[in-house]
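> Guided by the hints, dock chain B onto chain A, whose structure is given.
So the sequence lines, in the order shown, correspond to chains A and B. The numbering used here numbers the first residue of the first sequence as 1 and each following residue consecutively. The numbering used here numbers the first residue of the second sequence as 1 and each following residue consecutively.
Everything hinted at is true.
DEER-style ranges, computed between Cβ atoms:
hint, chain 1, residue 1, chain 2, residue 2, range
1, B, Q226, A, V43, 30 to 40 Å
2, A, R194, B, L138, 21 to 31 Å
3, A, F308, B, L201, 52 to 62 Å
4, A, Q447, B, S112, 42 to 52 Å
5, A, F308, B, T281, 45 to 55 Å
By construction, these hints were calculated from the structure, which means they are not laboratory data. Every residue, glycine too, gets a C-beta built ideally from N, C-alpha and C.
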Amino acid sequence: MPEFPLRRIALCLGLIGALAGCSRAPEAGAPGRVVIDYWEKWVGFEADSMRAVVDDFNRSQDRIEVHFLSVSEVDTKLLLATSSGHPPDVAGIWSENIPDFAEKGALTPLDRGLARHGLDASHYIPLFWDLCRHRGITWGVPTTPACVALFYNKKLFRAAGLDPEHPPATFAEFEAMSRRLTLVDIERDGRRIRMGFDSLTPAEQAGRHYDIVQVGHLPQDAGMFPSGWGCWFGAQFYDGDRRILANDAGNIAAYHWLQATALTYGVENLNNFTAGFGVAQSAQTPFLGGAEAMVMQGPWMPNFIAKFAPGMEWGIAACPAMPGIGGGAPVTLAQTDVVVVPKGAPHPREALEFICYLQRQDVAEKLARSQQKFTALRQVSDGFVATHPNRAISLFIALARSPAARYIPRLAIWREYDAELVVARERVLGLHASPEEALAEVQSRVQWKLDRGLRRWDLVGPERMAEWRSDDPW
Amino acid sequence: MTPGDRKRLRIGLLFVAPWLVGFAFLTCYPVLSSIYYSFCDYDVLSRPVWVGLLNYQDLTSDGVFWQSVRNTLLFNLIALPLGLLTSLALALLLNQPVRMKGAFRAIYYLPSLVPAVAGSMVWLWILNGKLGLLNQALQAVGIHHPPQWLGDPAWTKPSLALVSLWGCGNTVVIYLAALQGVPRTLLEAAMIDGASAWRRLIHITLPAISPVIYFNLLIAIIGGLQVFTSAFVMMGSGGAGPERSTLFYAIYIYQNAFEYRHMGYASAMAWVLCLLILVLTTAASRVARPFVHYQGD
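Here chain A stands alone, though its shape is the one from the complex:
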């Protein structure tokens, strides 16, 4: 009987184990170059535009080679990779991730490195620089910022007898136009007819026995910031220290406004209307499908209009705020895409060199232009606006620089806060709770979560701050 090849099997298993990734395989790149991995959340044309910038960088010098990888759910994967000790060198995330990731120790403080490259707050629009900082430390730098404005469909305005060159200038006008742009199908004298909501009799309006086929505006369809309506009503959300302000007067007013929509049109009618729509950034959204006349969206929207509704005749304006909010300046809600150097990145110096390259005005403008966005830099080159493919770009730049521009609170628990606000919105829109009740619950739950986070911070904060201040891999 032949001998059982025990040693050979063991050797084979050992080799398979080694090849399967028991150790990190060296990256392939041009000889003599340091290869750095860059994970970015973008897909499609946004990924292509950053890939072009990465190619420019790789051609511009001969010491560093950036490998660009488009990664879905980059925030979750970044944390897992960092916790396992194998993070990429650079990652593209969202500004709202920064407080959470920084406090969890997933990021490298950048201040000293940026200073060596001559970058500081003076280069940026203050709001976007602020979004990259947490607890007095800079954790990332902006790539493409964004803020929101009111897009409207001129054809629907015209059909409703409204002047398509005059979007709403006040909140009252916005409300009035929204009602006028709402169309319903209703039974009259045994016939089913389509008419404007404003043309219904008071009894028909109160009876709500109709099907909505078009709305002026759908508050729950608020682009990337469905919880942010409070900003247009003066809500603060957070005191910046230890107190959540979910149920301040501004947010309660915003939620009353939301509930008024449900009371006017009926919960069931609104549910029936929205049930057939699909995911965001597709032809199945109410605005792109031509069933909603006005929507709050960011500078990316012209791309999606061109792709999914190429024939749409659209206009844009700052979304009006409630009287007295913003002190006369236009109100908007802003955020920014950022690049960070994860904690434990194998090549922090080279990573820093790459992210500083992205801050060059010509590079930032190339990226912004190809994504139809603007840059976070204070300086704008002469031809940037005139030759920009997004004809609304000057409005977005003005909004981002407005003294009334706002951003979501820089809170490590923002994701949980946002989830609570979404539940409150659903309860209010479903008429299952008053705005006061729903927001009081948000206040109590999020304050409880914040207190838990602060309890931990009080335990580890001083040690963490000392560690961050001494961290200098540059």
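Coordinates of chain B only, in the frame set by chain A:
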């Protein structure tokens, strides 16, 4: 032990080594670690901070935790009897001596082969409030305002219970196997004595397959308390659904562990779930024992 025995032992251990290593590092270690983490404030990235029983105390005052418990129990109250009865009824029908019996069995088993995510996506469209096949059919028969199955908090749990029937083929197969073991002699004797089909079912078939019903009940309780996939795929807000109406226990664990990265809190929740399953299966065993008849009893 002879040298030959030792060699055979080494070879045997080598063959089971992948399983042993996998079990030790991928099951035992995480399970035991989670006991420790349940007493810590732990976010995966930074070192765990010992907080004693705080996570367990926090659970008692977390309203959403209790909502997830309520949602899970309510869902099981609908889905569990519905699933057990439907699969038993299907098994009894598929056990009848009819033509193309094999084809019918294959047809009813087929949905169990569809991956849960793909099946959920299909149901997402069937139950769509405006364009879904179900509501189109209901409107065609005169129900002008059918429910928003996945949009109305009152209907989300019954809808998911309905979807859970899609995968009942596995249970049907177990029942079918058990039905083959019902003593034919007893059934024939009852028939000769003039017992109706219903009485034969109640007094012979069901007692004969009671151990299998009991087994399926326990498996359904254990699986039902961990319900996750259909809600996670079909419902908005990360599976929580409108107004958190489908925030089941397992989804809340997932949210805390992987979305909010409160791994210590999620570990505490997982151990409470383990305890809950233990209590409910023990209770079910106590209640069901008098009705379960084993051969030779």
